[in-house]
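Asks: These are the residues of each chain, in order.
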Amino acid sequence: MLAASRVGGGSRLDAITVRGLEKAYGPVKAVNGIDFSVPAGTVFAFLGPNGAGKTTTTEVLEGLRNRTGGDVRVLGLDPWTDGAALHRRIGVIPQDFRFFEKIHPREAIEYYGVLFNVKPDAMALLEQVKLTDKADAMYETLSGGQKQKLGLALSLVSNPEVCFLDEPTTGLDPQARRAIWDVIRALKASGRTVFLTTHYLEEAALLADTVAIIDHGKIIVRGTPDEIIRQHGRPDRISVEAGPEVARYLQTKLGMTAVAANHHVDVELPEKTDALRVLQALEQSGLTWGRFSVIRDTLEDVFVRMVGKMDEGVVHPEASA
Amino acid sequence: MNGRRVVADFLVFARGYFRSPIGLFFSLVFPIILIILFGVIFQNSGQSAVNLPVVNMDHNSAASLSFLSALNNTSVVKVQVVTLPAGMSLSTWLGNQGDPVGLIVPSGFGADFQGHTNVSVTVITDPSDAFSSGVVLGAVQGVTNQFNFEALHGAPFVSVQTATVGSASFTELDYLVPGLIGFSILTSPMFSMVEITSTYRKEGLFRQLTLTPLTRSEWLLAKILWYVVITGIAACLMVFIGAEAFNIHIVLSVYSIPFLIIGPLMFVSLGMLAGSISRTPETAAIVGNVVTFPMMFLSGTFFPVSSFSPGLQDFAHVLPLYYIIDGLDQTMLFGNTGRALIDLAVCIVIALVFFIAAVITFKWREE
Ligand SMILES: Nc1ncnc2c1ncn2[C@@H]1O[C@H](COP(=O)(O)OP(=O)(O)O)[C@@H](O)[C@H]1O
Ligand SMILES: [Mg+2]
Numbered sequence: 010m011l012a013a014s015r016v017g018g019g020s021r022l023d024a025i026t027v028r029g030l031e032k033a034y035g036p037v038k039a040v041n042g043i044d045f046s047v048p049a050g051t052v053f054a055f056l057g058p059n060g061a062g063k064t065t066t067t068e069v070l071e072g073l074r075n076r077t078g079g080d081v082r083v084l085g086l087d088p089w090t091d092g093a094a095l096h097r098r099i100g101v102i103p104q105d106f107r108f109f110e111k112i113h114p115r116e117a118i119e120y121y122g123v124l125f126n127v128k129p130d131a132m133a134l135l136e137q138v139k140l141t142d143k144a145d146a147m148y149e150t151l152s153g154g155q156k157q158k159l160g161l162a163l164s165l166v167s168n169p170e171v172c173f174l175d176e177p178t179t180g181l182d183p184q185a186r187r188a189i190w191d192v193i194r195a196l197k198a199s200g201r202t203v204f205l206t207t208h209y210l211e212e213a214a215l216l217a218d219t220v221a222i223i224d225h226g227k228i229i230v231r232g233t234p235d236e237i238i239r240q241h242g243r244p245d246r247i248s249v250e251a252g253p254e255v256a257r258y259l260q261t262k263l264g265m266t267a268v269a270a271n272h273h274v275d276v277e278l279p280e281k282t283d284a285l286r287v288l289q290a291l292e293q294s295g296l297t298w299g300r301f302s303v304i305r306d307t308l309e310d311v312f313v314r315m316v317g318k319m320d321e322g323v324v325h326p327e328a329s330a
Numbered sequence: 002m003n004g005r006r007v008v009a010d011f012l013v014f015a016r017g018y019f020r021s022p023i024g025l026f027f028s029l030v031f032p033i034i035l036i037i038l039f040g041v042i043f044q045n046s047g048q049s050a051v052n053l054p055v056v057n058m059d060h061n062s063a064a065s066l067s068f069l070s071a072l073n074n075t076s077v078v079k080v081q082v083v084t085l086p087a088g089m090s091l092s093t094w095l096g097n098q099g100d101p102v103g104l105i106v107p108s109g110f111g112a113d114f115q116g117h118t119n120v121s122v123t124v125i126t127d128p129s130d131a132f133s134s135g136v137v138l139g140a141v142q143g144v145t146n147q148f149n150f151e152a153l154h155g156a157p158f159v160s161v162q163t164a165t166v167g168s169a170s171f172t173e174l175d176y177l178v179p180g181l182i183g184f185s186i187l188t189s190p191m192f193s194m195v196e197i198t199s200t201y202r203k204e205g206l207f208r209q210l211t212l213t214p215l216t217r218s219e220w221l222l223a224k225i226l227w228y229v230v231i232t233g234i235a236a237c238l239m240v241f242i243g244a245e246a247f248n249i250h251i252v253l254s255v256y257s258i259p260f261l262i263i264g265p266l267m268f269v270s271l272g273m274l275a276g277s278i279s280r281t282p283e284t285a286a287i288v289g290n291v292v293t294f295p296m297m298f299l300s301g302t303f304f305p306v307s308s309f310s311p312g313l314q315d316f317a318h319v320l321p322l323y324y325i326i327d328g329l330d331q332t333m334l335f336g337n338t339g340r341a342l343i344d345l346a347v348c349i350v351i352a353l354v355f356f357i358a359a360v361i362t363f364k365w366r367e368e
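One line per chain: the protein sequences are A and B, in this order. First residue of the first sequence: 10, per the numbering used here; consecutive thereafter. First residue of the second sequence: 2, per the numbering used here; consecutive thereafter.
Be aware that one or more of the hints could be misleading.
Stated by the list, open to error - Straight-line distance between alpha carbons at most 27 Å, and here's what the computed BS3-like set of lysine-lysine pairs gives:
1) K38(A) - K364(B)
2) K143(A) - K156(A)
3) K156(A) - K139(A)
4) K128(A) - K139(A)
5) K203(B) - K143(A)
6) K111(A) - K156(A)
7) K111(A) - K128(A)
8) K79(B) - K156(A)
9) K128(A) - K156(A)
10) K38(A) - K203(B)
11) K128(A) - K197(A)
12) K203(B) - K111(A)
13) K156(A) - K197(A)
14) K156(A) - K364(B)
15) K143(A) - K128(A)
16) K364(B) - K203(B)
17) K143(A) - K111(A)
18) K111(A) - K79(B)
19) K111(A) - K139(A)
20) K318(A) - K38(A)
21) K262(A) - K281(A)
To be verified - Some chain B residues judged to face chain A by a derived CB distance under 7 Å, without partners named:
22) R5
23) R6
24) A9
25) V13
26) A15
27) R20
28) S21
29) E204
30) G205
31) R208
32) L212
33) T213
34) P214
35) R366
Read the hints as simulated data drawn from the structure, not as lab findings. Quantities reported herein were computed from a predicted structural model and do not represent experimental measurements. Here a beta-carbon is modelled for each residue, glycine too, at the ideal position from N, C-alpha and C.
Pulled out of the complex, with its shape left as it was, chain A reads as follows (with noise of 0.2 Å):
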């Protein structure tokens, strides 16, 4: 059972919808008016510096908070006056994931079996999170990448819909972190919505079917990784081993962008046919050229360009755009 609710006209049912949404902590606007919606079954990546508003809006659409203005509904649900059915069809793992000390992985899951009245297979869920062999350790003995796993089962415990993941995967070693990605792409797999905050950027390139990037309370970009680099992101360059002569060679002969740095000269190509004018300029330049590769602006790089941008005025908030 899913969401009734259709965003502007679209085919596709909402799982998560959110319009105009504002949050203020006191004089503290957290949230500044924020649009988007996440359709039923996809991974949605929420991404933004630290203090961006991630959690705020992550908590309010748990019905963890009360929201200070706009409009928000979960499963159709408002998340702060239907909490309670809410809760019982969303999993969460809450930034900072903790719980009772003196329990074990396994009793947890069993303690959340009977309080959700179902019948977990804990040692699947533990498999699942590759958490097994420390099923009978008390908590308090975990690492914080072990804890954060819990977390995660625990929040499969009821089956849900919708799964809230903040910054699932802070802090931890590659192997924890590849291991939580694989249970993102699974909850994708059966169909899940998964909500993903995060400030790696490769993650959410990894998962994510859409993205939306938020600094100082307001979403700056949104949209699949591809469209946000197509849109955002610099034009290709080519690389070159080469030294600053190369570059102002380049730069007379075909009047083209170069910059020399690092022993590397990095040539802007407005135009993929560009590249052949570079390597063919090189080859008659009769100067010392080496290995050469294309580059092409990550996710990562549009991010820190944006919220730099965003710092210093220059871009501004996609609502007001």
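Once you have looked at the hints, place chain B with the ligands on chain A.
Replies: Just chain B with the ligands now, with coordinates in the frame of chain A:
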């Protein structure tokens, strides 16, 4: 309210408790240490009933005789009716005899009592003997209450109960047991609930629970059940060890059970209240101590309230624990169920107020 969720939460909490030595120490080991400590201190005192010289200035009235016989029947005092030499006051007489306590029943006692006019009996005590004064004052107050209670209900005063504690003679340690049980009913829920409430909130555990179907009242009920069980076990252990090792005669009567249930209910709620009105675990600990410490010593735990100065007695009467311990005193020592019922009524009101206040101030999620 879902019983399975309450039981599941109770079991998780109980298991955590057994895995954490500190909690178990305060709840079980500490009361045992207390009873052994006091047992050793009072080992050789072997005191039986306190001798009570009585001047009965109303010796012809049935009321005064039945009052004295009820007093004698408590078995904690041994009434000895005396006639004073002309012109001598009872306190002088007591001084000469070396008796620490005495009682004066005024003339007209019977008539006043039947006419529902205020009448008081006078207990003369030597404050340096807190034990005898405490016992006598406790017994006299108990019997007085019983008389008032029955008079109010129109029941014939001659039917005043006889002691249900039998003929056992109590030792000094016996008199301490209800206070020590009260002490553990206070301390073990209070200290851990203050801690739990404030650290759970700081660490986001309540928000974690908000995300499950467990409700606040289910959670609270599970905690109350746990402390009823653990303080019940502690009380049984104290009585058992006292009987085995120090020959005490006091027993947990069925009438004490309501106090063993309402006590933890009261202090789990109060602990939670102290924990939830404080912003940080540090202030919660301070608030908890400020609330707990006066009660730990001034509610009749180690020293009988009746041996306090009048001002301090008034103060003791506003402490919730006083009514728990008095109830235990009345049911375990003096067999005075009438007064115990009044104590119980007071306890129920206080506990309900604390419980409701705790549930209202206790928020699992922030705005
Ligand atoms: N409970 C709170 N009280 C006051 N300010 C808060 C609170 N929680 C967050 N903030 C502020 O709101 C802003 C957004 O915080 P948050 O949503 O946690 O950001 P993020 O998760 O993106 O790092 C920050 O400026 C933070 O200081
Ligand atoms: Mg955050």
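Asks: The structure should be examined with respect to each hint, and the outcome stated for every one.
Replies: Cross-check of the supplied hints:
{"no.": "1", "hint": "K38(A) - K364(B)", "verdict": "holds (23 Å)"}
{"no.": "2", "hint": "K143(A) - K156(A)", "verdict": "holds (10 Å)"}
{"no.": "3", "hint": "K156(A) - K139(A)", "verdict": "holds (12 Å)"}
{"no.": "4", "hint": "K128(A) - K139(A)", "verdict": "holds (20 Å)"}
{"no.": "5", "hint": "K203(B) - K143(A)", "verdict": "holds (26 Å)"}
{"no.": "6", "hint": "K111(A) - K156(A)", "verdict": "holds (13 Å)"}
{"no.": "7", "hint": "K111(A) - K128(A)", "verdict": "holds (22 Å)"}
{"no.": "8", "hint": "K79(B) - K156(A)", "verdict": "violated (66 Å)"}
{"no.": "9", "hint": "K128(A) - K156(A)", "verdict": "holds (22 Å)"}
{"no.": "10", "hint": "K38(A) - K203(B)", "verdict": "holds (23 Å)"}
{"no.": "11", "hint": "K128(A) - K197(A)", "verdict": "holds (22 Å)"}
{"no.": "12", "hint": "K203(B) - K111(A)", "verdict": "holds (17 Å)"}
{"no.": "13", "hint": "K156(A) - K197(A)", "verdict": "holds (23 Å)"}
{"no.": "14", "hint": "K156(A) - K364(B)", "verdict": "holds (25 Å)"}
{"no.": "15", "hint": "K143(A) - K128(A)", "verdict": "holds (20 Å)"}
{"no.": "16", "hint": "K364(B) - K203(B)", "verdict": "holds (12 Å)"}
{"no.": "17", "hint": "K143(A) - K111(A)", "verdict": "holds (14 Å)"}
{"no.": "18", "hint": "K111(A) - K79(B)", "verdict": "violated (54 Å)"}
{"no.": "19", "hint": "K111(A) - K139(A)", "verdict": "holds (21 Å)"}
{"no.": "20", "hint": "K318(A) - K38(A)", "verdict": "holds (20 Å)"}
{"no.": "21", "hint": "K262(A) - K281(A)", "verdict": "holds (18 Å)"}
{"no.": "22", "hint": "R5", "verdict": "holds (6 Å)"}
{"no.": "23", "hint": "R6", "verdict": "holds (6 Å)"}
{"no.": "24", "hint": "A9", "verdict": "holds (4 Å)"}
{"no.": "25", "hint": "V13", "verdict": "holds (5 Å)"}
{"no.": "26", "hint": "A15", "verdict": "violated (10 Å)"}
{"no.": "27", "hint": "R20", "verdict": "holds (4 Å)"}
{"no.": "28", "hint": "S21", "verdict": "holds (6 Å)"}
{"no.": "29", "hint": "E204", "verdict": "holds (4 Å)"}
{"no.": "30", "hint": "G205", "verdict": "holds (6 Å)"}
{"no.": "31", "hint": "R208", "verdict": "holds (6 Å)"}
{"no.": "32", "hint": "L212", "verdict": "holds (5 Å)"}
{"no.": "33", "hint": "T213", "verdict": "holds (4 Å)"}
{"no.": "34", "hint": "P214", "verdict": "holds (5 Å)"}
{"no.": "35", "hint": "R366", "verdict": "holds (5 Å)"}
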